[in-house]
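*Asks:* Sequence:
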Amino acid sequence: MIDHEQGRQDRIEPTSPSAELVEPHEPAGSPPPLGGGESNGQPHSSSVSFTHSGMHGIQAYNLHLNGDQAIPIPVTESDADYKASQEGRFVPPRNADQWAAASKLLDEYGIIVLCAAQGTGRRTAAMRLLRTVTNPPSAIFDLDPEWSKPSVHPLPQEAATGYILDLSDLPEQPGERLGTDLVGHGAELRKNNSFLVILATPADWYGHWADPTLPFTVRLESPDAKELVTAELRAHHRDDRVIWLEGKEFADIWTANPSARAAWRLADRLIRASGPEQIQAIVNELGDWHTEIENLLLSKDRVRGSDSQLLSTRVMVWAGALLHGGQRRSVIKAADDLLTRLGLERKPANVLTDATTSSRLDGAKITRNGDRAFHDKTMEGLPAAILRHLWDEFPTQRDLLRTWAIGIAADRTIPEEDARLVTSALLKLAVHRHDRAILDGLASDLQGPRRVLAVEALTEAAGDAEFGRYVRDRLRQWMDAKAPSDNKVDLVIEICAGTWGINQPVLALTRLGKAAGHKDFGSAAVVHAFQELALRRPEHVRKAVGQWLSDAESGQADEAVRRQTLRAFLALVASDAGTDLVLNDVPTPEARLRLVRAWQKLLSTDAAVKAVDRQLTRWQERFQDDPERRELVLDLLADIFTPPSRRSGLDGLMVTEESAIDPFWREVLERAAYRYRTSEEASTP
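Under full-length UniProt numbering, the letters of the sequence shown match residues 1 to 685, in that order.
One or more hints might be untrue.
[To be verified] Straight-line distance between alpha carbons at most 25 angstroms, and here's what the computed DSS-like set of lysine-lysine pairs gives: (1) 377 to 365; (2) 428 to 333; (3) 377 to 428; (4) 365 to 333; (5) 333 to 377; (6) 428 to 365; (7) 83 to 226.
These are computed hints drawn from the structure, not numbers from a lab.
Whole structure, please, built from the sequences with the hints as guidance.
*Replies:* Take a look at the structure:
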């Protein structure tokens, strides 16, 4: 990026229509250039703040393209965990003494750490604590942190507010002061009648740094499974099905007393069941169809000593699970591809001397419906269970299996609808196992026409209650890289412009702004993304871009942030929806000044010249005959072009194809020149 402003302070002779009647130096008191000054590397706090309305009220927070922050996401009455925490429905953890102490600890310290494995009902327990503590808060928010390392500094402290912060799956050990800082943060929250519940896992929450939090760390167990299923059935008005739970089919389940996640899954299946005849199948499904899968894999060919035939059958079982409901030829191709990766040749001679397609499918107990291949459809969840079994039982082969499965989705000889079955299956597997490598592989390897499948998968994953935080972090980390691949940049832009961006605009805008920094000025993809969000979430877009422009003007923003901000701003005003947002802010002096400075910086940036000219021409065409907004636009443009050093861009705009002076731009120039002269005269003693 080249800034032409430097070195233009000397007087020069006018050489173009836009240089007439004006002096080339800046007027006294002209605004400083956007992004001037040295960066100290610290996050900048601006007076511009976001307000995110939730069920209980309004929460304010800043949104920056750089620096650590924790974005509050309001918890609404439709939240599943919020519903499960209601009086008469909530089932407490099995370790009653610890649970009884939890509320007192939260009331005393203002903060509590619920330490348990994922799937034990931690978030529901957190909701319950916040709703039943002395003087319960009037609003509850999940905190979605955007930080390089956990810290209390970006955590909000609004009055009468409850916060939930998930610190599971920490990528690295926190700093030594985190535990001590959390103690102090809790004390500050308590003064404001606010509370923080941290969700952690035993695998993460240990070490010297965590020792100061031990007085308010509670180890949770899952609720009693039978009580939880009973409560869910009654909450869904299925009281008549509670008697089912006394059947002998459930005896082993109640003895095992599975996790809250498993109990909720069982309750959901019982609620949706058509009748008691489905009970045994539901119980088998809860056991992940382990016995049935083992029977599928222990082929009769093992008895005959044919290991290659056994492998061929197993591979077909796995391919059928990956492509459950896909075309038969896609399943066969996937199976042959895995055999090839395992070192078995699949040349024509090998294929023609192998078992026929029908016998291979029959050996894997895969049935056909027309040209589609299915595992047993009466066993709900069997295909997903087969893939989980494959990943669990053969952990040393996960890299090979992941490469194989993603390769099938990326293979353009596989119909797109079948490839979508693959990405859907892999997404379920990744979420269940918290397998980050699967999602990273989808993002990297699904390119070109198949990128849409990665967009769909990552969009869904980003909204997952537990795994979504990792996905959102990855989207941000990819864009924080100095030189991410074009495919990943385009992927993030499409995700931010889609349903996830509309549902979570605060998080999406940060990532979209960073992605804009890796694209050319006026990129169609970035323009489209900002247009979509401007149409659906105009207030979020307006405030976000205003925040970024303020940060860039502060003198604390680095080159990357200034680059991102300018590209994002130009993308916003390159659509009618974005332009309307910007023009609506013009009557506000502070906002107007930010807009003028942003345009002036664009005019002095080499890489932006063509895109800026296109956009200014669009404004001319749109507003020159608009009786309502012509004057407003002319006035704004005159401010932008008041400094003579910014007027070189007017040359190409003013002269028409017939070599005449365009009246619209002539008026802009005349107003700009008048303002400049007036400013000069006012500054002369």
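*Asks:* All hints are to be evaluated individually against the structure, with a verdict given for each.
*Replies:* Right, here's what the structure says about each hint:
1. 377 to 365: 11 angstroms, holds
2. 428 to 333: Distance of about 22 angstroms is within 25 angstroms: holds.
3. 377 to 428: With Cα atoms ~18 angstroms apart, residue 377 and residue 428 stay inside 25 angstroms; holds.
4. 365 to 333: With a Cα-Cα distance of about 17 angstroms, the restraint between residue 365 and residue 333 holds, given a limit of 25 angstroms.
5. 333 to 377: Cα-Cα ~22 angstroms, so holds.
6. 428 to 365: Between residue 428 and residue 365 the Cα gap is close to 23 angstroms, so the pair holds against 25 angstroms.
7. 83 to 226: 19 angstroms, holds
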